[in-house]
Structures are given as structure tokens and as C-alpha cells.
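What follows is each chain in one-letter form.
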Amino acid sequence: MTTPTLLQFERDATVKAADLRHRAVIQKNIGTYNIAVANGRTRFADWQNARSHAAAIKWETINHLDRYLEQFEQNVLTNGGHVFWAETAADAREHVLQLARRHGVQKVVKSKSMTTEEIHLNEALEAAGIHSIETDLGEYICQIRGERPYHIVTPVMHLTKADIAQTFQEKLGAPLTDSAEELAMIARAKLRHEFMTADMGITGGNFAIADTGMIALTENEGNARLSFSLPRVHVAIIGIEKLIPRLEDLALLWPLLAASGTGQALTAYNSLIGGPRQEREADGPQEFHVILLDNGRTRLLADGEQRDALHCIRCGACLNACPVYSNIGGHAYGTTYQGPIGSVITPHLPDAQEWSHLPYASSLCGACTEVCPVRIDLHHHLLHNRRNAIQRRFDGPIQRFLFRAWFWAMQSPVRYAVAAKLGNIALRRGLAHLLLKPWTAKREFPTPPKQSFRDYWRQHERRA
Amino acid sequence: MRVALFIPCFIDQLFPNVGIAMATVLRRLQVDVYYPPDQTCCGQPAFNTGYWDEARALARRYVEIFADADAVVSPSGSCTAMVRNFYPELLGKPTQATTHTYEFSEFLVKHLGVTDVGARFPQRVTYHDSCHALRELRLQDEPRQLLRHVQGLELVEMDQAETCCGFGGTFSVKFPMISYAMDEVKVSSIQNTGARYVVSTDSSCLMQIDGYLRRLNLPIKTISLAEVLAST
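In order, the protein sequences belong to chains A and B. Take 1 as the starting number for the first sequence in this note's numbering and just add one per residue. Take 1001 as the starting number for the second sequence in this note's numbering and just add one per residue.
There's no promise every hint is true.
Unchecked claim - Quick look at which bits of chain A chain B covers, simulated, 3 or more residues with Cβ under 8 Å:
no.	stretch
1	36-42
2	284-295
3	369-383
4	414-425
Unchecked claim - Not close to chain A: a few residues of chain B, all C-beta gaps over 12 Å, as computed:
no.	residue
5	Met1022
6	Val1063
7	Leu1091
8	Thr1099
9	His1111
10	Arg1120
11	Asp1141
12	Arg1144
13	Arg1148
14	Glu1154
15	Leu1155
16	Thr1170
17	Pro1219
18	Thr1232
Because the hints were derived from the structure by calculation, they are not lab data. For glycine and all other residues, C-beta sits at the position ideal for the given N, C-alpha and C.
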């Protein structure tokens, strides 16, 4: 059914798909990624076995999520932290604002977190008069450009070094440079000051560890470390699916995430946060708050068929493998989570109908499923989402009628033969452009031969 | 062993030569083939669009029509995957007909143990992996083994052999510009090989590629694996 989000998607995807410069940049960046990841996987003695093991860890967690969440909460409290259960995005936003008000927060530094994108936290903070600064370099570039992240791991994958230099010149008044190092230094000089003067640090969490009550943060720039250790208050906003049972599970999950996300053996910084500053500790926040975000995740949990979508560790591998993503880019989706995993989970979040077109925007090639390090059955879930959309009657009346007519014909060889004959006549008279216009607009449709296989067979077998 | 031919609807109507070529090769190998005339469509268009009740009814038809065959062979990885991988999900369990349906190259290599069918095709060709053959049926080497044994044939690999051509059935009509961009990426990868022909197990992929090639008058032709193997 036609919805405003579908129309927007069609417009944006069409523009990007025909944008050859965009295609060249993305193919180059994904090409670089592919080489790094192929190399990263060779560090595993048995990559397929590692995937299976990781999937088993996440399966165990997700299928006993109630237990692990409570264990996690208990341990965070024991360590002196606080836990807030946010059922909706609004609950999570409101809680952050309450904490900010209570602590007189005027400035927030944020490290990269897709959950904060999901709940539109920056907008809420700004509306409350609180300055919120993204400190991950890619996210910082997004923020000053006024864009949403293009990719869940690589927020500015669509930009070249020259694009970034130009952005820094326009937005920060920095001199143009073609040195990546100088560009990083420009951002660093701006951000150092923000870290020192922020009242609150907000992070996500790559893993929440049930048996220790810790959260694990994976990053490459050290900005997450500064975000949670310098300000007075640290708030970590974490989707409930990020739980893992045991600290030792990181022995596999850390390198697995690094290999799939960036091709590294391990990312440059991996932090474990066990609570607020303790007595005799020199630094760290006075308060540590964890917000456990549901926002539709328990709906996925209730869906036995697609529950494994909650295994996701947000590595971005399925985006990089997806031929649709690499042609339309991350912004066209219009969602927080782009690419195959986004098209699987977004229709389960609030406003399902608005996103019911996304599972159809796939050729079902299965490249995503092949690379997923936690073995989520991604492209089959796209099929499941399509079935769900039809069951909820999200299809339009025209499509419904066409499929009914088609079905009626296919149930009988006689009706099939008659329908095929009519189609054959139409196509032989060059009417393909009327029947299959979107396809034939830029391609030649084959002219069917007079004799179908069944006619040929009947004729020749009779003779034989 | 009696082998039933499963000729998917679009091959029946648009590319009958592919079905004829498959039957020819099988008969050359002394396989006893027959064609159940009641077959229509496997139901994949409905299944992929989400109309599972309709797809289920067509799955039941298929399972009845092919119940007596010792094996069912089809010149399409996509329709074979529909039957073998997705029918069990629709019907609740696999049956004789679903487990014994094979894609043509798979049947030749894995079941007949044949890699040289005595074909001759003196051309430079490149092979396109159909997504369903590659990722649903795990067929990667089988079609290539067959091609390598064709007399005179030079097989050149393209750098993006495993990248989808962008067809995806109704996807190519619902999102034509995305599908076209994927087509473009595929064809440019094919062009880089200098091959005269692009070969695949799946005529649906080839239709997508051929439609692009012909519109731009590019000097590359598409041909199904079955037709290459039937050439002498």
C-alpha cells in the first residue's frame, strides 16, 4: 500500500541509485572494508564455527532474557549504579532529561550510539536547552552537517576526505587540507574542550554483561572513554538485546565484532564499565545510570520465528554485503537501522505499516545472511515480514486483485495455458511496455517464441 | 529411474529452448525423462510477495503432480530452491517430491556423477552465480565443473560473479531503479572479462542481464547452462 514513507523511499532510492558518484564512493569504501574483513576473518581458526558459537551464546541469552536482565540489574545496583527500564523511546528520553535537570546539566558529550539515534535523543536534549555534542569523529561530522548517520558503524561512509575537508571549512572555518591526520586534529581540538566542560556523558553499550553488571564499549578513537570518565554523570542507553551471560563470552564476541565491523583483530579501545567512581579511585563519574531500552524489542522477542533478529551485535556486515544498500546508500532507508537488519527489525518497531515496504526492497539474494557473524536468518525474515504485511492487509487492492487472478489461472493447466496464450499474443505484438513498464523502461523484454515448451513436448512426444 | 522434468512457467513460455536443451542432454545420458503436463507455476511469485496461502495451494499441487517421480529436475536454481527449501516451511514437512527436486547442474554432477556431457562450445564465457543456486542450494562448483569440461570453452571469472543481478522477481518491477543499478553493476563486471557469453543456471537472471545488454546494443550474449551443455 502506498504510504508517505514509501513514496519518500522511492524518491530517495531512485535518486541515489542513479548517482554514479555516490556509487563510486560507496563501492570504493565497501571494497576497502571487504579486504580488511577478509583479512580479519583469517585470524579465526574456524570462522564458521566461531559464528555458530556466537549465535549459540546469543540464542541462550535471548531465550532467557528475563533472567539475564534481572541478573544484570542486580549486579549494576550492587556495584553502585542505577538502572531504569524504558518501555518506549519517550520513557528513555524523559528519564535522561530528568537526570539532566536533577544534576543541572548544560552540556552533554555523547559517544557513538545507535539507540540514542533510535530515540532521537539529541533533538530532545536541544529542545530542553541542553547542548549535546557527538564525539565520535564520524558522528561529529554528521552532526555539523545536520545529517543522520549513513551507516550504523561508519556514519559518514558516503563522504570522501575532500567532502569532510569542505565540511570543516564551511562549518568550522578550518583551512582546507587533504591530510586525514590534520582533519582528525581539527575535530580533536574542538572536542577536547567539550569533554573537559561537559556535565554528563552519554554512551550506548555494545554488550551488557549479566554476571558482572558491567557494560562493554567498543571504539577506535578513545572518545567513548573520555565521554564516560570525565563528566560527573554517565548514562548508558542500551537495547535489552545487548545482554550477554558471562564476562568470558567477550573472548569470542569482542574479536568477532571487530572482525565483522572493521576487519580489526580488536578495536583500538575496549572498555568495561563496572559502576561509578569508587572510593580511592582517581577518576570516573559520580553516578552511573543504565537505561535498558525496549521500544518494540519485546515484540520481536514474542515472535518465535524472528526472535534471532535480537542476536544482532550491530557490526554492519550485512549492510556492507547488501547490493541494495551499496546502490541506494544508508539515508534512503529513512530508518535508524539501515540495510538488511533494518528492514528485518524496523517493521516490528512502532508504526509497522509505515515500514512495510522495506522488506520488499530486496532481491532476496541472501548475501546478508551469509556474512552475519551471529547467524541471523536475515533474508528469510524479509520473507516472513512480507507474509506478515499481507496478513495484515498492507497490500493495495490492485496487487491483491492481480495475485488473485494469477492464482486462479495457476491452479489449472487449462486456465494456465489460456492465460499464457493471451500473454504470448500480447508480448509478440510488442505490448511488453504496457504490461511490464517499470522493467522495460530501460531494458528489452524477450519476445516469446510461438511454441511453448509444453506445446513442443506434446507435439514431439506424440510423434515419438 | 524415471526423471520428471519440472519446467518453470516462465521457461515454458519465454525460454522453451532451455527446457528442450535440458531434456536433450538428459536423454543423451540415457536418462528416462517425462513431462507431467499438469504442472504450472511453483508459486514463488506469490510466496515472495507474502501470499503464502496461495503459494501453499500451489505447493500441494506440485507435490501431488510429482509424487511418483524418482527425481524431478529443473533448469532453474530459483524454482528448485522454492520447492526444496521453502515448500517444507509452507507444508509443515518435506515430502518425496520436495527432497527429490534438483537443479539441472546439481543433478548431473551430484547424482549422475557426470561432469563431461560431451558438449562443444568454442567461446570465451563468464559464469554468473544465481543467488538461489549459490546461497539456497549451495551450488558453486557444479556448474563450473560442467563448463570446464565443455570442449573449446574458455571460462573467465568476473570479479563480482556472486553479486546479485538485481532481478528478484517482483522486486525489479516494484523498485525498478534499484534493480537497474544492480543490473548495471553486474553488466560492467561481465564486460571487464572480455567474454562473449554470460552463462547461468537461471534464465531469470539472464533475462535481466540480457534486457540491459540488448537495450544498449552491447556485444555480449546470454545463454543458459543447459543450452551450452546441449551444444555440439
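Cross-check of the supplied hints:
| no. | hint | result |
| --- | --- | --- |
| 1 | 36-42 | violated (count 0) |
| 2 | 284-295 | violated (count 0) |
| 3 | 369-383 | holds (count 3) |
| 4 | 414-425 | holds (count 4) |
| 5 | Met1022 | violated (10 Å) |
| 6 | Val1063 | holds (14 Å) |
| 7 | Leu1091 | holds (15 Å) |
| 8 | Thr1099 | holds (19 Å) |
| 9 | His1111 | holds (22 Å) |
| 10 | Arg1120 | holds (24 Å) |
| 11 | Asp1141 | holds (16 Å) |
| 12 | Arg1144 | holds (19 Å) |
| 13 | Arg1148 | holds (25 Å) |
| 14 | Glu1154 | holds (26 Å) |
| 15 | Leu1155 | holds (22 Å) |
| 16 | Thr1170 | violated (8 Å) |
| 17 | Pro1219 | holds (15 Å) |
| 18 | Thr1232 | holds (19 Å) |
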